[in-house]
Amino acid sequence: MTIDRDRILEVLDKTHSGPVYKERDYNIEVVSKNLKNAVTKYGLEKTADRANPVNMDDDLADRYYQAGFEAAINIGLMCRDTSRVITFNREELQAGIDAAPKEFWLGDGNQRVLYQHRKPEDNKLPVWTVPLSIAVTEDVFLPLVESLARIPQVDALEGPSLETVWGHPLRSGSPYEHLAGRYQADLMREAIKRAGREGMPMDAVGSSTTHYGVLGGYGVPGGYHPKHDLILILSIADFWTSYESLFKLTHASVTGGKYISASSWVMLGGYAGGPEGTAVASVAYTLLMIAAFQGSRTGVPPFDIKYMGNCGRRAQWALGIANQAVSRNTEIVVHSINNQVAGPATKMLLYETLVGMTNLAASGVSNVVGTRSAGGRRTNYLSPLEHQFGGEVYKAAAGISREHANSIANTFIPKYEDMLVEQPDGQSFQECYNVETLEPTAEWQQMYDEVRDEAIQAGLNFP
Amino acid sequence: MTKQYFKRLSDAMITGDEEEAEACVNDAIGAGVDPIMLINKGIQPGMDELGEKFETGEVFLVELILAGDAAKIALNVILPHLSDEDSRSAIKGTVVTATMFGDNHDIGKNLVSAMLSTYGFNVVDAGISAPVREIIEKAESVGADIIAASTLITTSFPYQRQIIRFLNDSGLREKYFVIVGGGPVTPAWTEEIGADGYGRDANDAVTLCQHLMEGDSLPGSLSEPVIIGALGKQLIGR
Chain A
11 MTIDRDRILE VLDKTHSGPV YKERDYNIEV VSKNLKNAVT KYGLEKTADR ANPVNMDDDL
71 ADRYYQAGFE AAINIGLMCR DTSRVITFNR EELQAGIDAA PKEFWLGDGN QRVLYQHRKP
131 EDNKLPVWTV PLSIAVTEDV FLPLVESLAR IPQVDALEGP SLETVWGHPL RSGSPYEHLA
191 GRYQADLMRE AIKRAGREGM PMDAVGSSTT HYGVLGGYGV PGGYHPKHDL ILILSIADFW
251 TSYESLFKLT HASVTGGKYI SASSWVMLGG YAGGPEGTAV ASVAYTLLMI AAFQGSRTGV
311 PPFDIKYMGN CGRRAQWALG IANQAVSRNT EIVVHSINNQ VAGPATKMLL YETLVGMTNL
371 AASGVSNVVG TRSAGGRRTN YLSPLEHQFG GEVYKAAAGI SREHANSIAN TFIPKYEDML
431 VEQPDGQSFQ ECYNVETLEP TAEWQQMYDE VRDEAIQAGL NFP
Chain B
462 MTKQYFKRLS DAMITGDEEE AEACVNDAIG AGVDPIMLIN KGIQPGMDEL GEKFETGEVF
522 LVELILAGDA AKIALNVILP HLSDEDSRSA IKGTVVTATM FGDNHDIGKN LVSAMLSTYG
582 FNVVDAGISA PVREIIEKAE SVGADIIAAS TLITTSFPYQ RQIIRFLNDS GLREKYFVIV
642 GGGPVTPAWT EEIGADGYGR DANDAVTLCQ HLMEGDSLPG SLSEPVIIGA LGKQLIGR
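Heads up: the sequence lines are chains A and B, in that order.
According to this note's numbering, the residues represented by the first sequence are 11 to 473, in order.
According to this note's numbering, the residues represented by the second sequence are 462 to 699, in order.
So that you can see chain A by itself, here it is in the shape it has in the complex (with noise of 0.2 angstroms):
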C-alpha cells in the first residue's frame, strides 16, 4: 500500500476551488443545520436512550451511518488557511472508503502488530496503544515509557508528550517542536529498547500539535519509520481542517510512509448539538477523514464539553453507536478514544475505563489509544497501571455481547457519573509509583486489584 499522491491533489485543488464560507456562517448554516436536517431526515431524533448507554439496535446503528454519509456529502471539510470547503460527491465519498485497508501490519520483527478490521462483537483482538499526548517533565519519560513498553497488553506506543526539550519550554508552532520530533523518537527507541521490545510500533508525533514535530521527527535518518510506524493527522474538530494537516499527509508521502492516522473529534454540546447530531457528526467526519488524508485507521470520537470527557452516558451511547455505524457499514480500521477525568491512584479512572473499554470493544473499534489519565490536564498525572487495566479489558471483551457491555455500563456508569464535572486529580506517577523500581505503590495497587475483581465477577475473562 502507498499514499497515493493524485488523491491529495485532487484534495490540495479543492482547498483552492471549493465553496467559500465565514467561519460562523459554516459552523451554523452548513455544520449544525446539516447535522440536524440528517437527524430528522433518518428518524433520529430522541433516539439516545442514557437507560443503556451501549446501543444493542442492529438498525438504529444502520440509519446513523446512511445519515452521517449524506451529512459528509452535504459538509465536507472547511480548511482554515483558505476559507474554502473541501467536498467530495456521493462516489468520491464511496471511492475513499473503499481504498482503505482492512487490515495492515506495523512494526519489525517479532514486535510486528496486525491492524485489522473488526465488527460488533467481533472476538478478533483489538489493538491497544499507549500512552496519549499527555504532558510529561523529561525525567518522568524515560522511566515511565519503558514501564508501558513492558506491559504484555500494550502493543503500540503513541505518547506522552514532552513539556521542555532539553530543559527549554516546548511551545507549539515555534521550532522547538521541530526539535521535538526527533527528540521524542530518540527517547522512545531508547525506552522500546530497555524494555527488550524493539521494533515495537509508534504513533508520530506525541509532542506536537503541529506539523513541526512530524516534519523533524517522521521518516528522517533515526526518526520515526515510514514503513514501521503511523503518522498522527489530527484535523481541527467539528468539520475543520487545515495546512497543518495537509503538511503531515504530503510529508507522509514524500517520505515513504505508508499509514496514516486520521483522526478528530466532534463536541456533544457544541455545533453537533445533542448525542444524536453528535453520532452522526462522528459518522460524517470519520468517513471524511478517510476521503481526504487516506487514513488506513480512522476515527472521531465525541467529547462531552460539559466535563471534557466521554464516560458519561449521553457520550457512551454516542461513542458506540457511531462506532457500530462505521465498523458495521465498512471495512475500515475505527480508531477511537475513551476520555476518562478521574486520574490515576483513583478508582474512578478505572471504573471509566472499564465501562469505556468495553463499549469500545463490542463496538467494533479495531484500536483504542489511551488513557485519558487526569483528563489530560496534569503534567506527569499518568502511571502504567491503569494502562495495563485498560488492555486487559479490552482485550477481555473482544467478543462479548452489546447486551453485556451495556450491563457493566449500567452497573459501573453509577459508580462515577456524579463525579464527572468535579474530576479528582488523583496523583502524579511519581506519587503511586516508585520511579526506581518501575512498581505501583501498595496503596494503588490495591485499588487495581479490586476493581480487577469487580470486572472479572461483571463477566469478563481475564487471562
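Don't take each hint at face value.
[To be verified] Not the full set, but computed from the structure, chain B residues with beta-carbon under 7 angstroms of chain A: (1) Tyr466; (2) Gly491; (3) Val523; (4) Phe562; (5) Ile614; (6) Ser617.
Note that these hints are calculated values from the structure, not bench results.
Given the structure is predicted, the values throughout are model-derived calculations rather than measurements.
Glycine included, C-beta positions come from ideal geometry on N, C-alpha and C.
Starting from the known structure of chain A, fit chain B onto it as the hints suggest.
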C-alpha cells in the same frame, strides 16, 4: 401591554430571532416603554433561561450564539435611547477572546464568547492560534477591558505567560485584565504567570468577568488572582 413586549423580547432571545428582537424593541420604544427595562426584563430573563437550558442540555452552543446575536441587535436599537450612565451599565465590558498560538481548538473560546455575549459583554474574537502580539493589538484597537486567553494544550502555555510579559514590557499591564482557562490550565499556573483570574468553564468565565468589572482593582494589581470554579478535591481510594 408592557409585559407583552418583555415576553416577546425574552422569547426572541431564546429562539435567537434577530428580526423579531429588532422589531419588538422598535415597537416597544415606539410605545414608550423604558428602554432600560427592555434590557432588565426582556433581554436578561431570556438569556438567563437560555443559560439554564444550556446547563441541563436542552440547548447547545448554536442556540447561545444565536441568542447573543439577537441580543446585540436589540442593544444596538436600545443604546441610543439610554442616558450615558445607563449605556455604560448596559454593556458590562469588552472582552477579547482568543485561543493561544499553536492551538487550533476553538470550542472553549466559542462557548465563552457566546456566554459572555448573552450576559451583556461585548465580545471580540481574536481567533485560534492567535499570536500574542495580535491579541494585544486587537485589545488596543477595540478598547478592551479584559483579555480572555484559553488553551487546551500544554505546549501553548508559554504564550499565556507571554501575554503578561508583553503587557508588562510595553507598559500596558494596567489597561487589561488577563484571564486564563482551558483544560490543562490550573489556578496554580494562573498565579505563576501573574494573570488576574481563572475560570474553569464558560459559566465561570462570566462570573469572573462580572467580578473583575464590578470591582475596584486595577489589572495586574490583585494580590492573588480571582479563581472561579476550581477543582479542589483530590480523591484517593474512590
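Each hint tested on the structure:
no. : hint   : verdict
1   : Tyr466 : violated (28 angstroms)
2   : Gly491 : violated (31 angstroms)
3   : Val523 : holds (5 angstroms)
4   : Phe562 : holds (6 angstroms)
5   : Ile614 : holds (5 angstroms)
6   : Ser617 : holds (5 angstroms)
In this structure, the earlier hints numbered 1, 2 are contradicted, and the remaining ones agree with it.
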